[in-house]
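Residue numbers (our numbering), protein chains in the order written: chain A, 1 to 319; chain B, 1 to 334.
Hint data in this document are derived by calculation from the structure and do not stem from the laboratory.
We treat Cβ as the ideally placed atom computed from N, Cα and C, and that holds for glycine.
Take these hints with a grain of salt, some might be off.
What the hints assert, rightly or not - Covered stretches of chain A (in silico footprint by chain B; criterion: 3 or more residues with CB under 8 Å from a CB of chain B, positions within the stretch not fixed):
| # | segment |
| --- | --- |
| 1 | 12-23 |
| 2 | 141-153 |
| 3 | 208-218 |
| 4 | 274-281 |
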Amino acid sequence: MSGVNKAKPSTECQPSFTRGLRALTYRELRKWLKDPVMLTMFVLQPLIWMGLLGKSINIRGLFSAENINLPRQIPIPGNAILHPPGVEGVVLDGATFSRLLADMSAGVMQSAFGVADYFSFMAVGVVSMMVTTTTMFSGMSIVWDRRLGFLDKVISTPVPRAAIIFAKIFNATLRSLIQATVILALAYLLGLRVSPTFTPLNILGVYAAIFLMGAGLSSVFIAFSIRSTRIEKPMQFASLITMPLVFASNTFFPTKFMPGWMQTVASINPLTYLTDAIRQLTILPTDTQALIWDFICLSIFAAALTTIGVVLSWKYLSR
Amino acid sequence: MPEEVIRAENLTKVFNNSLVAVDHVTFSVREGEIFGFLGPNGAGKTTTINMLITVLKPTGGRALILGYDVVKRASEVRKVIGVVPQEYTADEDLTGYENVMLCADLYGIPREVARKRALELLELVELTGFKDRLVENYSGGMRRRLELACGLINRPKILFLDEPTLGLDVQTRATIWEYIKRLRKEYGVTIFMTTHYLEEADALCDRVAIIDRGRIIAIGAPSELKDRLGGDVITITVREEADVSDLIKSVENVKEVRRENGTYRVKVERGELTAPLIIEALRKKGYTVTRLSLKELTLNEVYLEYTGRAIRDVEESRAAFMAHRVHLWRARRK
Numbered sequence: 001m002s003g004v005n006k007a008k009p010s011t012e013c014q015p016s017f018t019r020g021l022r023a024l025t026y027r028e029l030r031k032w033l034k035d036p037v038m039l040t041m042f043v044l045q046p047l048i049w050m051g052l053l054g055k056s057i058n059i060r061g062l063f064s065a066e067n068i069n070l071p072r073q074i075p076i077p078g079n080a081i082l083h084p085p086g087v088e089g090v091v092l093d094g095a096t097f098s099r100l101l102a103d104m105s106a107g108v109m110q111s112a113f114g115v116a117d118y119f120s121f122m123a124v125g126v127v128s129m130m131v132t133t134t135t136m137f138s139g140m141s142i143v144w145d146r147r148l149g150f151l152d153k154v155i156s157t158p159v160p161r162a163a164i165i166f167a168k169i170f171n172a173t174l175r176s177l178i179q180a181t182v183i184l185a186l187a188y189l190l191g192l193r194v195s196p197t198f199t200p201l202n203i204l205g206v207y208a209a210i211f212l213m214g215a216g217l218s219s220v221f222i223a224f225s226i227r228s229t230r231i232e233k234p235m236q237f238a239s240l241i242t243m244p245l246v247f248a249s250n251t252f253f254p255t256k257f258m259p260g261w262m263q264t265v266a267s268i269n270p271l272t273y274l275t276d277a278i279r280q281l282t283i284l285p286t287d288t289q290a291l292i293w294d295f296i297c298l299s300i301f302a303a304a305l306t307t308i309g310v311v312l313s314w315k316y317l318s319r
Numbered sequence: 001m002p003e004e005v006i007r008a009e010n011l012t013k014v015f016n017n018s019l020v021a022v023d024h025v026t027f028s029v030r031e032g033e034i035f036g037f038l039g040p041n042g043a044g045k046t047t048t049i050n051m052l053i054t055v056l057k058p059t060g061g062r063a064l065i066l067g068y069d070v071v072k073r074a075s076e077v078r079k080v081i082g083v084v085p086q087e088y089t090a091d092e093d094l095t096g097y098e099n100v101m102l103c104a105d106l107y108g109i110p111r112e113v114a115r116k117r118a119l120e121l122l123e124l125v126e127l128t129g130f131k132d133r134l135v136e137n138y139s140g141g142m143r144r145r146l147e148l149a150c151g152l153i154n155r156p157k158i159l160f161l162d163e164p165t166l167g168l169d170v171q172t173r174a175t176i177w178e179y180i181k182r183l184r185k186e187y188g189v190t191i192f193m194t195t196h197y198l199e200e201a202d203a204l205c206d207r208v209a210i211i212d213r214g215r216i217i218a219i220g221a222p223s224e225l226k227d228r229l230g231g232d233v234i235t236i237t238v239r240e241e242a243d244v245s246d247l248i249k250s251v252e253n254v255k256e257v258r259r260e261n262g263t264y265r266v267k268v269e270r271g272e273l274t275a276p277l278i279i280e281a282l283r284k285k286g287y288t289v290t291r292l293s294l295k296e297l298t299l300n301e302v303y304l305e306y307t308g309r310a311i312r313d314v315e316e317s318r319a320a321f322m323a324h325r326v327h328l329w330r331a332r333r334k
């Protein structure tokens with residue numbers, strides 16, 4: 001009777017980190033990919049942001065010749081002009097002057113946003129914003145694993161504990177990578193202009209930046225959610241911090257016009273570095289020095305938060 | 001003497017330094033046994049099981065599984081045990097077969113072995129015909145059977161079942177019992193289970209520990225526990241007003257008599273033989289027995305005796321708990 005068991009020693013079980021990680025990540029991704037409604041929402045949401053907000057805030061339009069639309073004739077009072085000797089006054093042609101202003105404003109756009117159109121600028125912002133929310137919400141899914149008993153069951157198997165936590169982090173980052181790819185492709189179709197320095201290889205850099213951000217943010221949310229019995233708490237927390245993260249950064253507007261205190265906040269906001277890194281790699285002529293700085297900051301952020309998150313989650317797993 | 005496979009010594013779990021969930025619990029389980037933890041919701045059954053399966057760390061005492069300490073040698077323990085949790089933990093978005101294979105991946109069982117065994121186990125729990133269907137289409141009984149298959153993928157020496165028939169209807173429950181018995185027979189696996197169904201403990205367990213408020217208050221074979229209570233209960237109504245307690249007590253095999261509103265609750269051994277003797281004794285003294293009922297002891301009485309509470313009170317809150325869970329489950333699927 002018990003001979004069956006004795007003949008098969010327990011050494012048969014060879015729990016491995018990679019196999020456990022692959023199995024658990026596959027489970028999560030599969031859950032996500034098989035749900036067409038969720039997937040549609042994931043695409044629809046950034047599409048709405050870009051299509052409505054991105055196209056409605058037409059900053060370039062503000063400075064267009066049509067908008068400036070000066071009267072056909074502009075008399076210029078003599079005392080307002082430093083005129084060369086012998087000339088009494090100047091009369092400019094309105095259309096020419098409007099064009100002149102528009103040309104100047106293109107320079108303003110360029111110096112403010114780095115690109116001539118606001119849409120490209122904000123489309124990259126949408127990518128960062130979506131990466132932020134997706135990683136936070138993916139991390140939260142551990143609340144369900146815990147509630148439904150799945151987590152305890154996994155803990156009772158010999159799978160390395162690290163595989164349990166890293167599968168969650170992996171799942172969160174993979175989701176945001178897939179999502180970022182889709183958003184960038186859509187943005188391109190909607191009129192995003194890539195810089196002349198862009199090469200397809202830059203996409204790998206974009207992925208690396210997103211991976212760092214995703215790993216840091218999801219770890220923290222996993223550690224936070226693993227202790228909550230209800231999903232509402234981490235959800236509220238996520239929506240609470242999303243706004244300040246997005247607005248106190250260069251996601252939708254350059255930081256240099258912000259009040260000093262906000263610039264300080266933006267300078268320690270990881271979203272600033274993620275967004276800048278993606279912009280440097282896609283729409284801007286790459287400024288290598290700035291890009292390296294972005295990656296240094298993102299790496300520090302990722303290392304610190306992943307460590308904190310993993311340690312705290314680990315502590316929970318060995319209650 | 002069969003080998004001891006589980007040993008708990010003063011096992012204790014205190015949550016947040018104040019809530020004592022399990023209080024100095026000591027017991028041992030022998031190889032090949034079906035050992036049951038019987039008690040109401042919140043008695044500490046799941047907390048105990050969670051300590052034995054290395055999910056929770058004890059705050060006091062220790063537990064050994066096949067000689068391995070559950071804290072110091074947790075990874076060894078995990079390899080030799082199988083766990084079937086209270087909840088349906090199988091993933092609804094995967095098929096039955098994929099779920100079993102997921103478990104195999106977690107245990108790190110060589111793929112070829114795992115494939116073969118997964119099919120064999122699905123056959124054992126009669127899910128072969130449904131193995132490629134998504135679990136979301138499974139019934140409650142099928143899910144429970146799938147959990148059993150998952151719990152056996154590593155050929156465990158000890159299988160832990162936490163409330164194996166929770167929320168199932170009576171018929172499905174009976175089939176699950178059959179599977180559990182078959183598992184022991186075919187795999188020789190030792191089974192540690194918790195339950196709050198008395199008839200389940202009665203029908204399945206070789207030995208039962210009754211746990212209440214974190215403490216073991218009785219331990220032994222179901223028949224032993226019943227005997228300890230004095231066997232059967234005879235309820236007698238006598239037409240006459242006079243108290244005949246002493247007269248009844250003088251009858252052979254009568255252990256205890258309690259009078260409540262003219263009705264006598266008599267604890268006896270071998271009720272079927274003692275009842276006629278009581279009637280005879282009363283008639284000799286001129287008393288008339290108007291009503292008599294004989295009840296063989298079930299664990300229900302045992303339970304009532306030891307805890308002072310009927311297990312039915314507990315069932316109510318269980319039902320509420322299940323309803324809440326179903327609600328959550330639906331919410332998640334939205």
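So, going through the hints one by one against the coordinates:
no.: 1; hint: 12-23; in the structure: holds (count 9)
no.: 2; hint: 141-153; in the structure: holds (count 7)
no.: 3; hint: 208-218; in the structure: violated (count 0)
no.: 4; hint: 274-281; in the structure: violated (count 0)
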